[in-house]
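Protein chains: 2
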Amino acid sequence: MARKKHKKLPPAPDEYQGADIQYPNFSFDIYHRDDKSRARLGRLNTPHGTVETPNFIVCGTKASVKALNPMQVKEAGADFILANTYHLMIQPGADTVQKLGGLHKMMNWKGPMLTDSGGFQIYSMGDGTDADEIKGRNYNSKRGRSLTKITEEGAAFRSYKDGSKLFLSPESAMEIQRKLGPDFVVQLDECTAMHVSEQYTEDSMHMSHRWGDRSLEAFNKSHDGTQAIYGVVQGGVFQNLREQSAAFTATRPFFGTAIGGTFGGNFDQFFEIVSWCMPHIAQDRPVHLLGIGTFKDIFECVRLGIDTFDCVSPTRIARHGWALMKGAPGERLNLRNAKYAHDQDPIWPELGIPCSSQFSKGYIHHLFKANESLGGQLLAQHNIAVMAHLMREIRKAIKENTLDELQKEWVIE
Amino acid sequence: MARKKHKKLPPAPDEYQGADIQYPNFSFDIYHRDDKSRARLGRLNTPHGTVETPNFIVCGTKASVKALNPMQVKEAGADFILANTYHLMIQPGADTVQKLGGLHKMMNWKGPMLTDSGGFQIYSMGDGTDADEIKGRNYNSKRGRSLTKITEEGAAFRSYKDGSKLFLSPESAMEIQRKLGPDFVVQLDECTAMHVSEQYTEDSMHMSHRWGDRSLEAFNKSHDGTQAIYGVVQGGVFQNLREQSAAFTATRPFFGTAIGGTFGGNFDQFFEIVSWCMPHIAQDRPVHLLGIGTFKDIFECVRLGIDTFDCVSPTRIARHGWALMKGAPGERLNLRNAKYAHDQDPIWPELGIPCSSQFSKGYIHHLFKANESLGGQLLAQHNIAVMAHLMREIRKAIKENTLDELQKEWVIE
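Residue numbers (this note's numbering), protein chains in the order written: chain A, 1 to 413; chain B, 1 to 413.
Check each hint, because a few of them may be wrong.
Repeated chains share a single entry, so a pair holds when one copy, or any two copies, can fit it.
Stated by the list, open to error - Quick list of in silico lysine to aspartate or glutamate cross-link-like pairs, EDC-like style, CA-CA up to 16 Å: (1) K7 x E75; (2) K339 x E272; (3) K105 x D343; (4) K99 x D343; (5) K399 x E413; (6) K99 x D345; (7) K296 x D404; (8) K369 x D162; (9) K105 x D345.
None of these hints come from the bench; they were simulated from the model.
Okay, chain A solo, but in the shape it has when bound (with noise of 0.2 Å):
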């Protein structure tokens, strides 16, 4: 797309003018912290039950997680699913996932779901490599760029799956999301990229506050007490702009703050756009890291007060063959790998759940090598697993002063 300078409109003003927003029936309760680092425990209370935190929400894009019906997700350990506006929003329309009763009624699940905005989407259909960047992909020329313009209204762009043209405006994205129905909705942002100027990011993150007011005020609208809204945190690669875009969210009514946004080019980088945002932000709402979820990325920004995380890669992973293990090199084996073939162990005996334990990996390698699509459901399982149990394992440790050896098992550098 052509990329359109900004317009210069006034940044939104320090103070909300709004009318505050109370969630009577969510709450946010932290009833431990880190002596050594920010790491807390909290619960997160919602209308569909309770989540301890730190946690990681499982991702079911287009209301289904990859291969498993919503038991088997359950059976793994998994407390929270997190569903994608943007796909909805075109397959099977927002109007018809409320016909069906809204998310949790459609896709029969019973814990909390948080959907994001749309501003992801946005951005890796307007800016394809910058997505593929953020995400270690190779850019995919196939998917096209479906987005014909960002202005301050919103983003317009046209549906993958007719051609049809769709808009996505702060109040719109409210609109879409209350009909979806989960607990947690996100207001709408742009989504910049790392290469672009600082100048452009800033002007994107004013934006982005701006769309956040009105987002407030649109969800406000209709606030009936069974949702509650994530404000976000952009500011790309600047420090000033991360802090600043921190301390905007917590000047807003939000319930949650998410952080969003190209995180730069490698690790450390990340680490750094994480750790400039978290003293800023309201220190007594709950904070999401949007779309990462390394074990290491998991243990570095618990330590940074990360409460929630989400990531597809457990998911999309386990289609290619890979399954998730603690303390493994790359942190995951690959059982298409030929050594598997007539290895009779299980992935992981001692995880209590039959995909790990009651099959071996020579077995799932000969599913990965005839094409049964059972060999995505088994690994697609056994990953959210193993992000269940290195969340609970995570929890104890915080709880026991013990993250550092914790790491070392989970982590080898």
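On the provided structure of chain A, position chain B as indicated by the hints.
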């Protein structure tokens, strides 16, 4: 392939010349016979438990029931799984299955299992059009024809995986099935097509009979009580040959009888062919009908005295969005149809399984539109649950003399 004439060898002798074979760990108890038909109720006792008959055997071709783990297969009410010798000898290979503990342990399936002999695949590889004729498929030229030669000795063919030369003889089919380790193995046979001459069919049938004797001898050499063997009735579309072949199997110490080969071009011819066989086979042995499985076929063949059925259709059509349904036109619903997009009702609330009762048709429609594999998983389990339910209802109806009434509920003519 070049269809060579069979060698003019003498038919197998009328009386079996080999050693008798006992099956101390297997039995088949027929405890009720229908007044109005040959339908019967039985219990098939195996080292992996007892199966009530009539019953449906679920296909797990490559040692995996498509899209389902064995806990889901069990939850659906299935009792029995069939796997394919031909596929498994190529990937992962019989030795690998043996190293991984045999089919039961490898698949984590605790119920009875049967492997076919590879005969049907020899046929379908050599004569794609003929297999398509039986199975009602369009010929797919990409599948290729890897059969190189059938002789009295056996069938030579090339691996679809790496082009390597393979050979299946009655003896090697037994050796492979011994390594695979199912409860039930099947003799090697040649499956002849509908359009071949009576002379070819007769010569082939005699060869299959000789192969049956060789299979029995090879089976008995390594017989340790853990497996039982089925003979196969061939004879194509010719009454005299079908009767001859059925009677032949009864003279041999097979544990059970499988009816294979072509069943003609339509239901009436199929029904006639099975009818010819049934009075001549061993009356006290379990009878399996290979590869058959519409509701109508099953009702009619239960009346002819068939005890077990298998068919890939329930799991295959699931992948394409079809849900089996009692009393539906064509016995199924097409959930890809737009009319289901907003349908809030589950497929079959009373079926007693979450896949059929806790997900709306509208949601499953969405999953197929969005290419989410969960749709196929839910329908595969639903379809297996429907087959298990059908067989339970059929068994009850035989006992209560209400088979005609039940058929009217299931099958709309």
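- Item | Structure versus earlier hints - violations, ascending order | The structure conflicts with hints 1, 2 and 5, although it agrees with all the remaining ones.
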